[in-house]
Amino acid sequence: MNEKIKEKFFTIRTGRSAAKGTRMDVRIEATAGDVAQLAADFVEKALESPSPTIGLATGGTPLATYAELIDRHRTRQLRFDHAHYVMLDEYVGVAPDDPVSYHHFIREQFTDQVGVAPTSVHGPLGDTEHLDSAADAYEEVLATLAPREVQILGIGRDGHIGFNEPTSSLASRTRVKTLHSETRADNQRFFPAGQPVPRHALTMGIGTILEAKRLLLIATGEAKAEAIAAAIEGPVTAMVPATALQLHRAATVVIDEAAAAQLVQRDYYIEVASHRPEWQRP
Amino acid sequence: MKAALGVDIGGTSMKLGRVDLDAPADTVVSSVPTSRSARPDEILDHLAVAIDAVGAVGAVGIGFCGYVSRGVVVDANNLDDAWAGFELEQAVKDRFGLGTVVLNDADAAAVSEVPLCVERGRVLFITLGTGVGSAVIENGVVLPGLELGGAWVKDSIADRHASTKCVRDGDWATWSTRVDDVLEVLTDLVRPDHIILGGGASERWSDWGSAISPPVPTTPATFRNRAGVLGAALATVTDK
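Protein chains in written order, with the working numbering: chain A, 5 to 286; chain B, 82 to 321.
Worth flagging that the hints you see were computed from the coordinates, not collected in a lab.
We put the beta carbon where it would ideally sit given N, CA and C, even for glycine.
Take these hints with a grain of salt, some might be off.
[Stated by the list, open to error] To be clear about the criterion: a stretch of chain A counts as covered by chain B if any three or more of its residues have a C-beta under 8 Å from a C-beta of chain B, and this derived list gives those stretches: (1) 82–88; (2) 166–178; (3) 219–226; (4) 247–258.
[Said to hold, decoys possible] DEER-style ranges, computed between Cβ atoms: (5) ARG78/A x GLU265/B: 44 to 50 Å; (6) THR241/A x SER94/B: 50 to 56 Å; (7) GLU265/B x ASP101/A: 35 to 41 Å; (8) PRO54/A x GLU265/B: 38 to 44 Å; (9) SER94/B x PRO54/A: 17 to 23 Å; (10) ILE274/A x VAL109/B: 48 to 54 Å; (11) VAL276/A x THR268/B: 28 to 34 Å; (12) GLY198/A x SER150/B: 58 to 64 Å; (13) ALA175/A x ARG151/B: 20 to 26 Å; (14) GLU112/A x THR268/B: 32 to 38 Å; (15) SER94/B x GLN113/A: 39 to 45 Å; (16) GLU52/A x ARG241/B: 33 to 39 Å; (17) ASP236/B x GLN199/A: 53 to 59 Å.
Go ahead and model the full structure; you've got the sequences and the hints to work with.
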């Protein structure tokens with residue numbers, strides 16, 4: 005018996021499982037609808053894990069992916085209730101049940117529609133005076149949960165991911181950030197007329213984001229083409245926070261033709277994707 | 082890296098794992114069969130081997146399948162009578178010279194969910210296995226020593242009514258109606274905002290999770306049947 009126990013302990017594998025990773029995986033799809041399909045495939049794959057953590061993004065771009073996943077839930081009974089969901093960010097001074105909060109947004113647009121209890125959805129809590137503690141508490145939630153199987157990301161026109169605006173440390177953790185005026189203007193459409201977008205948000209840091217096992221950046225439309233080209237082909241720089249994806253072992257970028265318009269190596273990415281060995285598929 | 086040994090002593094097996102307190106989800110849990118007649122000294126011998134094998138740990142956390150008060154086993158329904166009154170916490174401290182925490186196994190499992198319950202209000206944590214264990218989490222604290230398994234449910238008690246021994250021919254969906262009966266009664270007693278279901282049955286969540294009709298939002302334990310080991314290890318930090 006004792007030998008048996010010993011044997012078991014010696015076979016314990018330490019460290020987190022890691023994809024080998026060679027280069028950023030760029031998938032150029034014909035339309036935004038195709039982007040949503042492929043992105044949903046990655047999420048569905050992540051849901052195969054018995055108790056996964058899924059990282060969700062807010063904003064306009066992922067909505068088509070969520071709609072596709074909701075459709076799979078309704079038509080094929082794809083199950084979501086065994087997972088925990090973690091959000092990238094939340095506005096400071098906005099309570100989770102406020103209609104403009106990201107907590108509310110993600111429940112309304114996605115998790116409530118796929119049978120996920122609101123209490124399985126986690127995000128930083130911005131409606132407190134103790135923002136440092138709220139940031140630390142959120143890091144503790146993330147450390148407690150299994151590493152994210154996948155972290156969905158959108159990208160801002162200035163290259164931000166989460167609310168990590170240009171010049172954010174690439175090693176940053178969850179903390180308060182001041183939003184760029186361009187970001188606030190872009191997000192005004194999610195707020196009722198006359199209600200200003202908050203100036204501050206709590207956001208996962210870039211270091212926090214990079215801890216997910218797979219990063220899945222989604223972008224559609226020509227407004228994102230410049231940011232996408234910088235993120236994939238530009239030098240790694242805090243001026244374009246999304247370039248941090250180049251440091252990750254398993255970063256996938258799923259974009260439509262419009263968002264791919266400024267990529268120098270566009271043809272090469274298409275060639276790689278169309279000659280993908282079976283074992284490399286998501 | 083801070084690490085603790087998490088131990089979950091049950092009626093049929095002892096589960097162990099070295100828990101990195103900064104990344105508990107990575108814990109690999111090993112299971113060692115124990116006999117129902119296992120006496121305290123036999124269990125301590127198993128522990129000695131495990132402590133030797135896992136390398137340096139700062140502390141030991143133990144979840145025990147019985148009523149535990151201040152580190153002393155008050156009763157152990159599923160194990161040898163020699164356990165009643167056994168000062169488990171002190172015995173482990175004395176033998177291994179490590180900081181030790183001993184708590185009820187359901188309480189230990191509930192500790193693993195505490196960091197995830199910030200937004201959940203009052204949480205009822207139930208373990209479903211051979212018996213039914215219970216704990217309540219509120220304001221970041223596990224309220225210890227609840228024995229809701231003794232609650233009266235359908236001419237029986239929760240502990241027996243929803244025992245996984247009642248699963249016939251692998252039919253978890255039929256068994257799950259018993260879980261509904263238990264959740265209804267316990268919800269009336271505790272008035273939780275959220276219910277978490279752990280224990281051995283949570284490993285089979287995909288077989289019955291969609292069949293239950295819980296009165297409040299209900300999720301499977303994040304760490305399934307590993308929750309007891311993880312929570313026991315985490316309790317070495319939170320309880321001290």
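Three residues minimum, CB to CB under 8 Å: does the stretch 82–88 of chain A make the cut for coverage by chain B? Let me know. Check passed, 4 qualifying residues.
Regarding VAL276/A and THR268/B, is the given constraint of 28 to 34 Å on their beta-carbon distance met? 54 Å, violated
Does the hinted range 44 to 50 Å hold for ARG78/A and GLU265/B at CB? 28 Å, violated
SER94/B versus PRO54/A beta-carbon gap, inside 17 to 23 Å or not: Holds, at about 20 Å.
Pairwise beta carbon distance, PRO54/A to GLU265/B, judged against the given window 38 to 44 Å: Once the Cβ atoms are compared, 27 Å apart, the range 38 to 44 Å for GLU265/B and PRO54/A is violated.
Using the beta carbons of SER94/B and GLN113/A, state whether their distance is inside 39 to 45 Å or not. The hinted range 39 to 45 Å holds for SER94/B and GLN113/A, with Cβ atoms some 44 Å apart.
Confirm or reject the claim that GLU112/A and THR268/B have a C-beta distance inside 32 to 38 Å. 26 Å, violated
State, for the Cβ atoms of ILE274/A and VAL109/B, whether the hinted interval 48 to 54 Å holds or is violated. 41 Å, violated
Satisfaction of the hinted span 50 to 56 Å by the C-beta atoms belonging to THR241/A and SER94/B: Roughly 53 Å apart at Cβ, these two residues keep to the hinted range, so it holds.
Per the coverage rule (Cβ-Cβ under 8 Å, at least three residues), is the stretch 247–258 of chain A covered by chain B? violated (count 0)
Quick one: are ALA175/A and ARG151/B within 20 to 26 Å, going by C-beta? Given range 20 to 26 Å: violated, Cβ gap about 44 Å.
Look at the Cβ atoms of GLU265/B and ASP101/A and judge whether their distance stays inside 35 to 41 Å. 27 Å, violated
Hint violations for this structure: numbers 2, 3, 4, 5, 7, 8, 10, 11, 13, 14, all remaining hints satisfied.
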